[in-house]
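Novice: Here the protein sequences line up with chains A and B, keeping their order. Per the numbering used here, the first sequence runs over residues 1 to 151. Per the numbering used here, the second sequence runs over residues 1001 to 1140.
These are computed hints drawn from the structure, not numbers from a lab. Heads up, the beta-carbon is just placed ideally off N, CA and C, and yes, glycines get one too. One or more of the hints may lead you astray.
[Stated by the list, open to error] Pulled a few chain B residues facing chain A out of the computed Cβ check, cut under 10 angstroms:
| id | residue |
| --- | --- |
| 1 | L1087 |
| 2 | V1094 |
| 3 | V1121 |
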Amino acid sequence: MVLLTNPIYSALSLGLVLVCISLFYILSNSHFVAAAQLFIYVGAINVLILFAVMFMNGSEYYKDFNLWTIGNGLTSLVCTSILVSLITTILDTSWYRIIWTTRSNQIIEQDLLSNSQQIGIHLAIDFFLPFEFISIILLVALIGAIVVDRQ
Amino acid sequence: MNSRSKRLIRSIFHIHRSSSMFLLYEYDIFWAFLIISSAIPILAFLISGVLAPVKKDPEKLSSYESGIEPMGDAWLQFRIRYYMFALVFVVFYVETVFLYPWAMSFDVLGVPVFIEAFIFVLILIVGSVYAWRKGALEWS
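Assemble the whole structure, with the sequences as input and the hints as a guide.
Specialist: What follows is the structure, given as structure tokens:
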């Protein structure tokens, strides 16, 4: 069953879901990840999804759609079972033990640095080579998209 | 005795929490900004809806086409050029996201990290020059 018939409304509600996920990251005291979630998911990926949705023909909306079919019942059963198994697993895991056993290694004056400063330090010193490879990946993506477009 | 101790506790509680919003105290200014910037357009629409109510009319609701009768559909064919611009934007946006943590820790790190970030930006400048020369940034 489809709640919104206009596909652009669906793409915008996906953007709303991604914004709400970033609020979860704020609650977990990881402000840089929340901002990165807003930047990457909402600002980049959701924009691309929106543009891909706009390629669809506007006049072919689902005018008269059957709300409940057999496939809908099957998928709702599968999704409910996944939800129940996730709830039982999350409630049974001892999260405090996991957090205490994975403390990060010490940087000098770690408590005086904010979250994104620590990420920047790790990115530049520990992960310097992946940092350069990221630029090459972005370059390859850009050139690949332009080459595909030229044909 | 019970109300006096309750009032004492409440007065102490008021001293510790001077003036803050509900949760996440360091985001106070952000919540205040969010509430005010949502309230002002809502208020504007409400007031104009009360002062000047809209009476819908089929002639009023038809689209304007420079005085003549509107012909054809209002939806144009989506061109691939729009998607190319979105893609180039996304690539450089992701590059910007990687530059933000480097910029935050710039004063702690030294000159070698500056040169690494310079190489990062240089590789993407090569990509932007390629996109420019291949005409991906042409609008017409």
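Novice: For each hint, tell me whether it holds in the structure or not.
Specialist: Hints, one by one, checked against the model:
1. Contact between L1087 of chain B and chain A, as hinted, is supported at the beta carbon level, the nearest pair being about 5 angstroms apart and thus within 10 angstroms.
2. Hint status for V1094 of chain B: holds, given a least beta-carbon distance of 6 angstroms to chain A, under 10 angstroms.
3. Look at V1121 of chain B: its Cβ gets to within about 8 angstroms of chain A, closer than 10 angstroms, so that hint holds up.
Of the numbered hints given earlier, the model fails none.
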